[in-house]
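Student: One letter stands for each residue in the lines below.
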Amino acid sequence: MKAYDLAELAVRNLRESVLRNSLTTVGISVGVASLVAMLSLGIGLQQMATRRLVRSGLFDTVVVTSRRDLRNFNRNDDAGGLDPAQSPVLDEPSRQKIEQLPNVVEAYPDLRFITSFTFEDKPHLTMAAGVPFSYKTNDAFEEIQGSFFSSDMAPEVILQKTFAAELLGKTQKPGTEETPVAELAKPLVGKEMTMRYQEKIDVAPPASDVNGSAPSESAEAATTYSIQSHELKLRIVGVTDLDPDSMRGPVRARILLPLKLLQSLHVMQPTGMRDTTQATSKTPTYSTVSVRVKNPGKIQLVEDSIKKMGFNTFSILDATRSVRRFFTVLDLFLGIFGSLALAVASIGIVNTLVMAILERRREIGIMKAIGASDIDVKKLFFAEAGVMGALGGALGVALGWTIGRVINLGTNVYLRSQDLAPEQIWFVPWWLVGSAIAFAIVVSLLSGLYPAARAARLDPVQALRYE
Amino acid sequence: MTTVSPLTSKVAIRTENVCRHYAMGESLIRAVDGISISIPSAEFVALLGTSGSGKSSLLNLIAGLDRPTSGAVLVEGNNLAALSREALARHRLRTVGMVFQSFNLIPSMTVIENVELPLRFAEVDRSQRDSLAREALERVGLSRRLDHRPSELSGGEQQRTALARALINRPKLLLADEPTGNLDSRTGTEIMNLIREFNESLGMTVVMVTHERALAEQYAERLIFLADGRLVDDQPNVVAAEAPSQGGRA
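As given, the protein sequences belong to chains H and W, one line each in that order. The first sequence: position 204 = 204 (the numbering used here), numbered continuously. When you read off a place in the second sequence, starting at 1, and then add 1000, the result is the number in the numbering used here.
Watch out, some of these pointers could steer you wrong.
[To be verified] Chain W side only, calculated, beta carbon under 8 angstroms to chain H, not exhaustive: (1) Asn1060; (2) Leu1065; (3) Arg1085; (4) Glu1086; (5) Ala1089; (6) Leu1093; (7) Met1098; (8) Asn1104; (9) Ile1106; (10) Ser1108; (11) Leu1117; (12) Pro1118; (13) Arg1120; (14) Phe1121; (15) Glu1123.
[To be verified] Within a straight-line C-alpha distance of at most 20 angstroms, the following computed EDC-like cross-link-like pairs (lysine to aspartate or glutamate) qualify: (16) Lys378/H / Glu1086/W; (17) Lys2/H / Asp1125/W; (18) Lys2/H / Asp1130/W.
It is worth saying that the hints were derived from the structure and are not from the lab. Built from N, CA and C at the ideal position, the CB exists for glycine as well.
Take the sequences, apply the hints, and build the full model.
Tutor: What follows is the structure in structure tokens.
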């Protein structure tokens, strides 16, 4: 029989006992709905967690430090590597070399220092850091109040929420309500503050020393510098609610400045005195360089090549890997629970079709008498199972989607009542829609296997005798 | 189509010592027990006997609805006993048209859908099915109420529908199992006249099962008597041959 005829006959047969077949179809749709609701919840939660990790700015970042750095002396993971004393210095040429590695988007130095900021004649001592301009598109500043820096060299600052509160004298006391960021930003954005800092100025060594006998010794001895105090007026452009304690990388400070601007100031940094003393303003050395990788999958590759250059690296790749493993297991369990309902529904299909065979014994006999083959009869019952599966699947996806929405809505009503930002904890991707319907059809067809085979085997002589 | 003379035509059906035995609990039912007959093309044969004589069982064997326990059933040169289930289904579809006492129409389908159902199994295009079905229905004198369900029709109309369905694939054999058993005598005569017309104008071989000797003598060319699954008598119908009305109707 042709596919179209088959489908038409199947649908008309299903319509003959509407109540029973719709109940069976509803059974399938409830099964599919529970599957879709469970899985979309799992996917939604995973996306939420991933979003959080991406917002932390380190999901795709490798942190590079020099092995000379004293802070790394106790780390064991470098066993077998170069002797710290012989390892390369993390300076500007190294940074450029890292930036040219494949799969690297950018490599920027970690510039941070404690200095004094004056706001409305009151000095505040705090940690400042440079933020690369590429962070403009980073999710980390998604919820900024005000705006991001207007350019890479703009004399502008972004304040961390708690520092903004400090400037306004609104420091949060334990047990009291937190002041919303928007309220902190309003009186501050557009105002000016003054940063005091120490510039390191290189002093050219005396010409005679350039031809010294021991180059390494003389370089150290030859490089001299002076320190000069400066003041710089900065305009407040934004306030962010990023928590400096939970974040890593450049946003881990209370005052953020454009990175290029900071670099141009040659601020005297407190870290790595030995390297710092060696460095000149032309080739500065860094304690840390953050490397942004094209996508998290390439992190291992980039880490390996940087390690080969003789630096230490750190990434939260391992952390994200375990997060992903957790969600894979969670999805699996949610899927199994969701599938249980579908398994129950498939028994319903078997039952419905076996009943239909009993009821339609005579009809099957007639069809066989006028020339239907076993395969025709089998296909017809198969098609009926398939149509019920397809209808149930489509209905189930719609139902599951609605359930998910309701759960999401309920959660957000609760979150809002707790003064928390709404979250999308539920997500139905297109592949889930498609595969849920396909799964429903496959399960229905499998359920139809036995009834269809039984109908096909029916003896037409006995079936026709049956009244 | 012209009437084909039985003398010059080939054999349509031949059975060779065919048996159909059933196990019924402890006992063995010999529904058909060693029957050998030969029916030439375009012959109108009546199978007569009391109920349980095995006439319907023999008809089912010829129709390919059932398989013999032993012996051979040759229809149009094919030994049905040796055919696969698929091939047997094709035989029922292409070679045989059947009508039954209880009409055996599918109640959920309209008249025209019932008639075109064999065309679906024969994978005939939708576009052709409707006109072929209407043509067949016209031939049995049914041109109205084609969109009604069988339950809304009279017995005669239902049997006409069944006849149209039996004709639709243009089979060589028409097998009728008590075709007038559920009809009043006037309607029965109409149906029998239709069957005779198919036999004569289309050259179809007709095998009709009946227990009414009078009916058989009125229409059939040959009478085969069965009892307890065995052939009792096989004779040409002298009554019909002598009757002046034979060969046509008003």
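Student: Decide, hint by hint, whether the structure agrees.
Tutor: Structure-based check of all given hints:
Among the interface hints, the one on Asn1060/W holds; its C-beta lies about 5 angstroms from the nearest C-beta in chain H, closer than the 8 angstroms criterion. Of the supplied interface hints, the one on Leu1065/W holds, with its beta-carbon coming within about 5 angstroms of a beta-carbon of chain H, less than 8 angstroms. Annotation: Arg1085/W was flagged as interfacial toward chain H, and the flag holds, the nearest CB pair being 6 angstroms apart, inside 8 angstroms. Hint status for Glu1086/W: holds, given a least beta-carbon distance of 5 angstroms to chain H, under 8 angstroms.
Among the interface hints, the one on Ala1089/W holds; its C-beta lies about 4 angstroms from the nearest C-beta in chain H, closer than the 8 angstroms criterion. A least Cβ separation of about 3 angstroms between Leu1093/W and chain H falls short of the 8 angstroms threshold, and the interface hint therefore holds. A hinted interface residue such as Met1098/W counts as satisfied when its beta carbon comes closer than 8 angstroms to some beta carbon of chain H; here the least separation is about 6 angstroms, so the hint holds. This hint holds: Asn1104/W has a C-beta 5 angstroms from the nearest C-beta of chain H, less than the 8 angstroms allowed.
The restraint placing Ile1106/W at the interface with chain H holds, with a minimum CB-CB distance near 6 angstroms, inside the 8 angstroms limit. Because the closest C-beta pair between Ser1108/W and chain H is about 5 angstroms apart, less than 8 angstroms, the hint holds. About 6 angstroms separates the beta-carbon of Leu1117/W from the nearest beta-carbon of chain H, less than 8 angstroms, and the hint is met. Among the interface hints, the one on Pro1118/W holds; its C-beta lies about 5 angstroms from the nearest C-beta in chain H, closer than the 8 angstroms criterion.
Because the smallest distance between the Cβ of Arg1120/W and any Cβ of chain H comes to about 5 angstroms, under 8 angstroms, the interface hint for this residue holds. Interface hint status for Phe1121/W: upheld, as the beta-carbon distance to the closest one in chain H is roughly 5 angstroms, under 8 angstroms. Evaluation of the Glu1123/W hint against chain H yields a held restraint, the C-beta minimum of about 6 angstroms falling below 8 angstroms. For the suggested pair Lys378/H and Glu1086/W, the alpha carbons sit about 13 angstroms apart, so the restraint of at most 20 angstroms is met.
With a CA separation close to 9 angstroms, the supplied pair Lys2/H and Asp1125/W stays within the 20 angstroms bound. A hinted pair counts as satisfied when its Cα atoms are at most 20 angstroms apart, and Lys2/H with Asp1130/W qualifies at roughly 16 angstroms.
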